[in-house]
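With the sequences and hints as input, model every part of the structure.
Same order as they appear, the protein sequences are chains B and D. Numbering-wise (numbering that gives the first Met the number 0), the first sequence opens with residue 0 and increments by one. Numbering-wise (numbering that gives the first Met the number 0), the second sequence opens with residue 0 and increments by one.
If a hint is listed, it holds; no wrong ones were tucked in.
Straight-line C-alpha distance at most 27 Å; calculated BS3-like pairs for lysine-lysine:
| id | chain 1 | residue 1 | chain 2 | residue 2 |
| --- | --- | --- | --- | --- |
| 1 | D | LYS198 | B | LYS446 |
| 2 | B | LYS308 | B | LYS234 |
| 3 | B | LYS394 | D | LYS183 |
| 4 | D | LYS130 | B | LYS398 |
| 5 | D | LYS162 | B | LYS253 |
| 6 | B | LYS234 | D | LYS195 |
| 7 | B | LYS253 | D | LYS198 |
If you want a taste of the chain B side facing chain D, the calculated C-beta under 7 Å gives, among others:
| id | residue |
| --- | --- |
| 8 | LEU125 |
| 9 | LYS171 |
| 10 | GLU200 |
| 11 | PHE201 |
| 12 | LYS253 |
| 13 | THR254 |
| 14 | MET286 |
| 15 | LYS391 |
| 16 | VAL442 |
| 17 | LYS445 |
| 18 | GLY447 |
| 19 | ALA448 |
| 20 | TYR450 |
No lab work stands behind these hints, which were simulated from the structure alone. Note that beta-carbon positions come from the ideal geometry of N, C-alpha and C, so glycine has one too.
If you want the building blocks of each chain, they are given just below.
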Amino acid sequence: MKGLKWLATASAFALTVCAVPALADVKIEDIVNDAATTNDVVSNGLGPQGQRYSTLEAINKDNVANLVPAWAMSLGGEKMRGQETQPLVRDGVMYITGSYSRMWAIDVKTGHEIWQYDHRLPEGILPCCDVINRGAAIYGDKVIFGTLDAKLVALNAKTGKVVWTKEIDDFKAGYSYTAAPLIVPTKAHGPLLLTGVSGGEFGVVGRVEGRKVDTGELVWSRPTIEGHMGTLNGKPSTMTGDKVNATWPGDLWKTGGGATWLGGTYDPDTGLAFFGAGNPGPWNSHMRPGDNKWSCARIAIDPEDGSIKWGYQTTPNDGWDFDGVNEVVSFDADGKKLAATADRNGFFYVLDRTNGAFQAAYPFVSKITWAKEIGKDGRPVYVDDNRPGDPKAGKDGKKGATVFAVPSFLGGKNWMPMAYSQQTKLFYVPSNEWGMDIWNEPVAYKKGAAYLGAGFTIKPIFDDHIGSLKAIDPLTGKIVWEAKNKAPLWGGVLTTASGLVFYGTPEGEFKALDATNGKELFSFNTGSGIVGSPITWEQDGEQMVSIVSGWGGAVPLWGGEVAKTVANLNQGGMVWTFKLPKKMAAN
Amino acid sequence: MLTFPSGILAAARTAMTGALFAVLATVLCAPANARPLDDVIASKVLKIAVYEDNAPFSWSIGGVAKGVDVDFGKALARELGVEAEFIVRMQGEEVDDDLRANIWKGPLTGGGVGDIMLHVPTDRELAMRNKEAVIGNPYFLETIALAIHPKRVPKDATFDLFKTEKVGVKFGTVSDYFLMTFEKGALINNVAHHLKGSKGVEEFLKGETAALMGVRSEIEGHFHEAGASAEFITPAMDGIFRTQWVVGTAVDEKSRDLSYAIGAAIEKLRASGEMTKIFAKYGVTFLPPPES
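Here it is in structure tokens:
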């Protein structure tokens, strides 16, 4: 019997391999219209606007409790950690990236692997925040993703063979790439692949780059920091900002930081790509009076030439490490073209996405300390006493005054993407309630030499939870409901027209909540913590839901009281795909 | 991101300070392959972790390790009667991260740990928060100094001079903080930042800056490389947080006996004058750590 069973499995596998090649090339229209098509997922965010909203309704509030696994597939090996990916699906094939710069194609009917690509990583590289990857892009006959040694790799979608490889920057200088690339249409160059950069030497300036999808050839580059010159077709184009050092003291703009490590979204209505920029350097904000543009900001880029159409700074003169990288999600309301972003700094912003004009900002986590509010002019009303002190002004002249700041530098929300429901008109924001003791230190050591440093201790704010999935009305800022979670949330959210919200927890539960009131309708233990983002699509008339489970990412790296909430979680790497039993779906 | 200063500090940047990282990682991670002295002797190889891109102390060209720390490491291995093998590794965000990667845990991406790591500041607080490593064996005194163009900067100059003359400095260092905050920002418009020491020396030699402030050994090394020699001054630097610090070695806390043997070897190299010769080969003045 055993032998027979083995044979049956083997032949099924062979059949799937033969059955696969009905792959049609992904066209740019497919990507632009991804949100409207239910039979595939060909962009990060289920549509380039990043709403993570599906019009599918077969799985609904009444039947979601009956979801069962259709299949699961292990990512195998010894590399079971930190699965932050969002799957893509096209023509019956799922593409996922995994930890350690790996990628798979999977038959969505059976869960069998079609191919696996293992990027050969140099030994001893030191990515700052675990060996994660956040997903791929797909176009034509290629799937493309970034690697921990800062390369972009395009694979043939059918075979998993390398078509082209391009270096974003030198991994030896600390560069890596973990975000999902973004593919956008342009008239001038055809479809372009847009990426940021992550890592790099302390002080290196962030940038967004556009490349030809077919070859990886660089078309334009746009630095995030004021005063730096962009390039277009290999020549200098325009400078970022109006003036070289309008918002930086001296020549600090040269080393201004502003890393673009989380990738971007694209809005077909305005033709703009939205990227975020990280914190400025150095840590000590007293050393760089001024707004320090465009650090801690969102910028809208015209993909035709890489020019900046508008910028909006969430934390000018940042002193708390509030990276401005979180995703910008386009949505329409009140007849306006708007965009929303939930910042590290704890405020949920609504902007006019045509010009970046500030509309409103609301706190989405409790007890924010660093700013009283965001004023009508769109600038934070700082609480001056909550800015970490200048070491020179410290009592002993060694360490600056310590402040307890909320949120912590890991943010009211970190990288994990939120979702927007066109049905409920609410945003579903995976947030965390925590603060930090933070101080500027005179001395830390880098490469054996004395540098300026900063010290942090992260602390929960509430006894019973850190994570909090919140439903937010973008027009009023009202938090309609909240689902608390003991451990910090670190995975993305999905919402559907049938009124459901899907997300996972570090404790390993994959959940569906009622989008109107947050009531839990479904929960499944995936066996390891979830830090990835779910998708849904329709396969041969059935609605499917997938999530990749596998604990890791930056969360387990935290010490102190936060560590207690995650200390006993096991690592993993498993793709789970769910559907309704046939007779249930028919009801 | 913390360091993500880009992030990074980027990504995940989600980042975290080395100190916190180290604390937790201890709990979560399997022990590294610490090798006490007997194992090192038996294997006939001392694995030495040094920094990539850290001239004049260590760097690699085509897989070959070079620099002061590399010659010093070879001499240490010779004193122990074994061969030296080098792990030339990129830096983490802070030295705490490097201790984890190089000494007690190893990088997530493989490559393993060394038996010993060189160029670790023998700072008490650093040692206190990295209990998985034993930091000790001070072998060199790093000092802050200013290289000057004598025609533009008199030997008895004070920092007031840089209200009118340009001074180069490496971004984010203690020297940078000192210059940028001097008299509430009086020098800001004359501070020229660079990220790489070699770039700072290049700008200085072209005359774009009148002086170059930073770690003396690094400046000396780049001058030597450029075929030039530097003249240094050390004016009063009131309010700077560190004008000098000592570097030594780190081993896994289970390899204390190896650390003692290394200490004895360093004594011999100093007494014989070999240390001075090794440093001089790269244009660096050997400054012994102060007796404690």
